[in-house]
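Take a look at the letters that make up each chain.
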Amino acid sequence: MVIDFSQFFWLFFTFVVLILIEGLYCILVTYNLMRVLIGLEILIKAVTLLIIVGGYLSGQMALAQTLVITVIVIEVVVVMVAAGIVLGFYREYDSLNVRNARNMKG
Amino acid sequence: MNIILVLLICMALAGLWAVMTSLLLRAAIALALTSAILTIIMFRLGAPLAGVFELSVCAGLISVVFISVISLTHRLPLQEYLKRRQSRISRFIFLPFILLAAVIIIFFIHKPILVTLPAMGTITEVRSVMWDVRRLDLFGQIMVLLAGVYGVLILFKGRQ
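Protein chains in written order, with our numbering: chain A, 1 to 106; chain B, 1 to 160.
No lab work stands behind these hints, which were simulated from the structure alone. Please read these numbers as outputs of a predicted model, since none were measured by experiment. Watch out, some of these pointers could steer you wrong.
Sample of chain B residues with no beta-carbon within 10 angstroms of chain A, all distances over it, derived [unchecked claim]:
(1) Ile3
(2) Phe53
(3) Thr73
(4) Arg75
(5) Pro77
(6) Leu78
(7) Gln79
(8) Leu82
(9) Arg85
(10) Arg91
Simulated coverage check for chain A against chain B, where a stretch passes if three residues somewhere in it have a Cβ under 8 angstroms from a Cβ of chain B [as the list claims (entries may be wrong)]:
(11) 7 to 16
(12) 38 to 51
(13) 57 to 64
(14) 72 to 83
(15) 87 to 100
Note that the Cβ used here is the ideal one computed from N, Cα and C, for glycine as well.
Given these sequences and hints, build the entire structure.
Put into structure tokens, the structure is as follows:
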């Protein structure tokens with residue numbers, strides 16, 4: 001059975017693209033390490049929304065929810081480790097400015 | 001459909017607030033708000049389990065981590081803050097225009113999407129999919145969690 005989901009899909013797709021652009025722009029333009037993390041979080045939110053919409057449209061919501069749970073677990077671990085790195089960076093340079101990373105060894 | 005549209009607009013605006021605001025604490029709160037709105041959308045689309053995870057972990061735990069990290073840093077002097085704020089405005093002023101351009105481009109390229117519904121035998125129980133179909137993902141999640149714990153331990157060991 002084939003169904004026309006054009007209106008529903010394009011509505012969600014538009015907002016997913018908007019949120020992706022917000023996250024990407026935040027990562028590209030900012031100099032603050034915490035804001036880079038916030039941009040990454042916003043990108044992951046857009047991906048999560050896209051997975052849920054994909055599951056809703058294809059009728060495989062159980063699979064979509066499982067994938068979203070996997071994404072959330074990975075997201076938490078990434079944020080925890082990244083927050084630790086940000087704190088270490090701050091203690092070393094007394095600043096969150098990403099341009100200070102140029103002074104690192106290596 | 002109208003409620004979903006309002007929720008999507010609120011989510012995009014909360015994301016925009018998180019990106020554009022000059023205070024980090026406000027950005028963390030806006031991020032938590034984005035997660036909370038995403039949770040409502042998940043509930044509306046019939047994904048309660050993922051919604052509960054999103055609300056408890058992303059809107060709760062990650063916000064706590066962000067606010068903790070922000071509280072461990074010190075405030076900028078007022079002069080420096082005003083200077084950086086001005087610099088931020090000049091860098092982020094283009095974002096709303098880029099978003100508007102993206103909406104216009106999507107409006108012009110959109111085409112009909114025809115979806116074939118799955119066969120009757122598709123598993124609809126989340127627990128069955130998680131424990132039977134995607135069992136390997138669970139091992140992956142455990143490995144990622146252990147790697148994360150190991151990473152945090154290494155980071156804090158280096159501090160001593």
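Cross-check of the supplied hints:
{"no.": "1", "hint": "Ile3", "result": "holds, 12 angstroms"}
{"no.": "2", "hint": "Phe53", "result": "violated, 5 angstroms"}
{"no.": "3", "hint": "Thr73", "result": "violated, 6 angstroms"}
{"no.": "4", "hint": "Arg75", "result": "holds, 12 angstroms"}
{"no.": "5", "hint": "Pro77", "result": "holds, 13 angstroms"}
{"no.": "6", "hint": "Leu78", "result": "holds, 17 angstroms"}
{"no.": "7", "hint": "Gln79", "result": "holds, 16 angstroms"}
{"no.": "8", "hint": "Leu82", "result": "holds, 16 angstroms"}
{"no.": "9", "hint": "Arg85", "result": "holds, 12 angstroms"}
{"no.": "10", "hint": "Arg91", "result": "violated, 5 angstroms"}
{"no.": "11", "hint": "7 to 16", "result": "holds (count 8)"}
{"no.": "12", "hint": "38 to 51", "result": "holds (count 7)"}
{"no.": "13", "hint": "57 to 64", "result": "holds (count 8)"}
{"no.": "14", "hint": "72 to 83", "result": "holds (count 11)"}
{"no.": "15", "hint": "87 to 100", "result": "holds (count 5)"}
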